[in-house]
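There are 2 protein chains.
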Amino acid sequence: MTRTELSTIGEFGLISRINQQFTPQLSQTIKGIGDDAAVIDTGTDEYLLVSTDMLVEGVHFDLSYAPLKHLGYKAIAVNVSDIAAMNGIPRQVTVSVGLSNRFSVEAIDELYAGIQAACEAYKVDLVGGDTTASRSGLVISVTALGVVEKSKIAYRNGAKPNDIICVTGDLGAAYVGLQLLEREKREFLENPNMQPELEDKSYVVGRQLKPEARTDIVYELQDAGVIPTSMIDISDGLASEILHLCTQSGVGAQVFEENLPIADETYLANDEFKLSPLTGALNGGEDYELLFTIQQSDYEKIKNSPHISFVGFMTNQPDQVELITKGGGRFPIQAQGWQHLSK
Amino acid sequence: MTRTELSTIGEFGLISRINQQFTPQLSQTIKGIGDDAAVIDTGTDEYLLVSTDMLVEGVHFDLSYAPLKHLGYKAIAVNVSDIAAMNGIPRQVTVSVGLSNRFSVEAIDELYAGIQAACEAYKVDLVGGDTTASRSGLVISVTALGVVEKSKIAYRNGAKPNDIICVTGDLGAAYVGLQLLEREKREFLENPNMQPELEDKSYVVGRQLKPEARTDIVYELQDAGVIPTSMIDISDGLASEILHLCTQSGVGAQVFEENLPIADETYLANDEFKLSPLTGALNGGEDYELLFTIQQSDYEKIKNSPHISFVGFMTNQPDQVELITKGGGRFPIQAQGWQHLSK
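Chain order of the listed sequences is A and B.
According to the numbering used here, the first sequence is numbered sequentially starting from 230.
According to the numbering used here, the second sequence is numbered sequentially starting from 230.
Don't take each hint at face value.
[Stated by the list, open to error] Capping the alpha-carbon separation at 25 Å, the derived lysine to any residue pairs in SDA-like fashion look like this:
(1) Lys298(A) - Val334(A)
(2) Lys414(B) - Glu494(A)
(3) Lys379(B) - Lys298(A)
(4) Lys379(B) - Thr258(A)
(5) Lys298(A) - Thr252(B)
(6) Lys381(A) - Asp274(B)
(7) Lys298(A) - Asp359(B)
(8) Lys439(B) - Lys298(A)
(9) Lys414(A) - Lys352(A)
(10) Lys352(A) - Thr252(B)
(11) Lys414(A) - Glu501(A)
(12) Lys439(A) - Thr252(B)
(13) Lys352(A) - Lys414(B)
(14) Lys352(B) - Gln249(A)
(15) Lys381(B) - Glu275(A)
(16) Lys379(A) - Ile259(B)
(17) Lys381(B) - Thr258(A)
(18) Lys352(A) - Gln249(A)
Honestly, the hints are just simulated from the structure, not real lab data.
Whenever a hint applies, use it, and build me the whole structure from the sequences.
See below:
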């Protein structure tokens, strides 16, 4: 029998292979796999949104520097972020946890304290879950439910040429925060008497350990009377996400380096590693900001928002998704993607 | 800092500890943790049901004898079973999978072929999920959504004294099927040239490897005009489940050994192990049959069903949940519970 290694097809190959197999059959299923959340018609003027994520120890987090309370918070936030990315409001979550007897009751209390803090912050109810043994590391699987008015839903595939590309908050901080945490871990392993040097790094480290979902933006857009023409959350880096929007919408894009929002703390932290902050912004991931497009006519309504940067525009050339550098160079934007399985 | 071992509080202790922390805040959340599925009001005459389960390699399944296709089927069936246990109809599922590069593309195709077969069998759409690396074994997390007419929902807490206790299908087969598979595995490890001796054991082995959710019973009860007063699915064994119904409903129960449905194949297979089939029926688990109660006045409507056995009745003595043996003895029913974390 043939054996094809997973690494030969990669994450996106695997997802599209699965995707092809499953075509929704029910009239209530408006959108299955392929967006930030599934979309279900329950027979009201709102759609039900469903999103799910699995976090695995040693792949998505390292308990040697991620406090369990932050981890619990993050597990909820990243799923709420998927609901926000449909222009939706989160309502309920389920949380399943696989754990070994390496974890004490007190440790699990910490994890759930973080989950609870996130439930309060995002005003969602934890309504179910499963607790089970795991032979190895901690596994956390969260499903989030949310709602969105039918007329306000934002898919990945609605962008049109000339739409303005918007990014919330700032990019690349979570990535350089991770580099710092990994460096401290290496140094600690070499010299356990070392004291961590993270005092002035709280912003970028916090962005890695305890990201926030931008539900505030959903409300802000609603108040401004703006419905995004397309939207996605930035979990894998701007490059990967803009390509998703372009591919699914059948458009191209021009993104201007000088317009990319990058925090001063992110610049400073990148200096230490002699890294370009652009790398983290484009390919770092885990910022959980929102990337969306708006019609040009909506620009006036949100141009003064302190939370939104206008980084480029969509074009009618689907094969050209480009970064325009500060020096005026044009480079194709490429997705680095997800490489866990090939490691 | 104090360290309390998980084994000192056990699964039910952990669940109730978590449960106490999370009180639903939203008016749309009708029922959170504590039943087979969460219950959400979406503003129609149907409730939305949500249930989730996590299956972990080495804890819930052993790939040395569980074919991946069956495993995929089972992962869906056990979640659909939770929807059925609310008297509901399943509609959508999400499936997240954590896997290592030990798995080939072909192996994952097998897993998803089983998932697909179950989606077709239960008429549900797979609408989302996550695929991620796992440092160790296979982890499968499924969330099922379903619906139930508000007037027909069956909770665990609605049983009344004198209600008749009903069980679908037969009990204990999955447990003895597991004993057979474990024995074949041990013998194969001792002598790899051995041929498996499972030819005439297909019923009990099949019940372990590929259980079915009893959505057919939900339709049958609907056709008969019967709404169960309480319901739960039998995942941990009849003893554990009847105690859940009694505790949550505030009633006692008398269950008659002679009325317990046990298949001939289950008796025969138990003989080989010199085990009592009663053990598997009461404490074996994984049968995924439904346990429910009905008003006495509904008995006539379903008494001739070939799928339902009437095994006892509820009483007004909450502290007495008893098995009446064939010899007339009375024994308190005790839950063995879930011991994964104490191993």
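Hinted pair Lys379(B) and Lys298(A), Cα distance within 25 Å
violated, 37 Å
Keeping to a limit of 25 Å between CA atoms, is the pair of Lys414(A) and Glu501(A) held or broken?
holds, 16 Å
Against the 25 Å threshold, does the CA-CA distance of Lys352(A) and Gln249(A) hold or violate the hint?
violated, 35 Å
Is the straight-line distance between the alpha-carbon of Lys352(B) and that of Gln249(A) 25 Å or less?
holds, 18 Å
Just to be careful, I want the Cα atoms of Lys381(B) and Thr258(A) compared with a cutoff of 25 Å; is the pair within it?
The given pair, whose Cα atoms are some 23 Å apart, holds under the 25 Å limit.
Pair hint Lys414(B) and Glu494(A), alpha-carbon separation not exceeding 25 Å:
violated, 57 Å
Under the criterion that the straight-line Cα-Cα distance not exceed 25 Å, is the pair Lys381(B), Glu275(A) satisfied?
holds, 24 Å
Please verify whether Lys439(B) and Lys298(A) have alpha carbons no more than 25 Å apart.
The given pair, whose Cα atoms are some 38 Å apart, is violated under the 25 Å limit.
Between Lys352(A) and Thr252(B), does the CA-CA distance stay at or below 25 Å?
holds, 12 Å
Given the hinted pair Lys414(A) and Lys352(A), is their Cα-Cα distance within 25 Å?
Distance ~34 Å between Lys414(A) and Lys352(A) Cα, so the pair is violated.
Is Lys298(A) close enough to Thr252(B), meaning Cα to Cα at most 25 Å?
holds, 19 Å
Taking only the CA atoms, is the gap from Lys381(A) to Asp274(B) under or equal to 25 Å?
Within the cut-off at roughly 24 Å; holds.
The earlier numbered hints that this structure contradicts are 2, 3, 8, 9, 13 and 18.
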